[in-house]
Amino acid sequence: DTEVTQTPKHLVMGMTNKKSLKCEQHMGHRAMYWYKQKAKKPPELMFVYSYEKLSINESVPSRFSPECPNSSLLNLHLHALQPEDSALYLCASSQEQLTDTQYFGPGTRLTVL
Amino acid sequence: GIQVEQSPPDLILQEGANSTLRCNFSDSVNNLQWFHQNPWGQLINLFYIPSGTKQNGRLSATTVATERYSLLYISSSQTTDSGVYFCAVGGYNFNKFYFGSGTKLNVKP
Chain Z
1 DTEVTQTPKH LVMGMTNKKS LKCEQHMGHR AMYWYKQKAK KPPELMFVYS
51 YEKLSINESV PSRFSPECPN SSLLNLHLHA LQPEDSALYL CASSQEQLTD
101 TQYFGPGTRL TVL
Chain D
1001 GIQVEQSPPD LILQEGANST LRCNFSDSVN NLQWFHQNPW GQLINLFYIP
1051 SGTKQNGRLS ATTVATERYS LLYISSSQTT DSGVYFCAVG GYNFNKFYFG
1101 SGTKLNVKP
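Going line by line, the protein sequences match chains Z and D. Sequential numbering of the first sequence, starting at 1, is according to the numbering used here. Sequential numbering of the second sequence, starting at 1001, is according to the numbering used here.
If you're looking for bench data, these hints aren't it; they were derived computationally from the structure. Note that CB positions come from ideal geometry on N, CA and C, so glycine has one too. Just so you know, nobody snuck in bad clues.
Pulled a few chain Z residues facing chain D out of the computed Cβ check, cut under 7 Å:
no.	residue
1	42
2	43
3	56
4	97
5	107
Start from the sequences and build out the full structure, keeping to the hints where you can.
Structural data, given as structure tokens:
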């Protein structure tokens, strides 16, 4: 099973809302990733967790807060977002950090009003 | 950081035609992947190929690490091959992963 799941598929939120994106994998992978993809652009790495610890933060604004409750789950908590944060948010996982195949989830399409 | 350039940016093919997509990168890499992003946004891993040659059905890929490029070959293209093809690379510091700007492929019936 090479499946990464993400919920919700779509999310619309106001600038004062707090919401969370969820990602799950059951492949026993020890690295999990969040990417942001704007329309007609390539994905951009935001965060990497390795062995449940934050390994990489690509200078992402603090209104995005990642969390890795256990080795299978990855959350992205959203608070006080701006309309320019509207994008496709992709989760991925791999056996180890940035050394082998990454498997991506279907993404969450976020719209900030 | 590592610069990743993909060509061509856009490609239109008739069903059944063959094509070659190219990815150039500016530094040594220990990780190179090819992905296909379908119109719904799903990124599908095609190959993990930091060096050498691999084949999977109608698709094959070759990476010449010493010359810093990778090629993705699509043979007998089908309409379902349409979408954006991304090359992505990681360096030996294991703390960055860079996507190219992609090749948008449109296969017409």
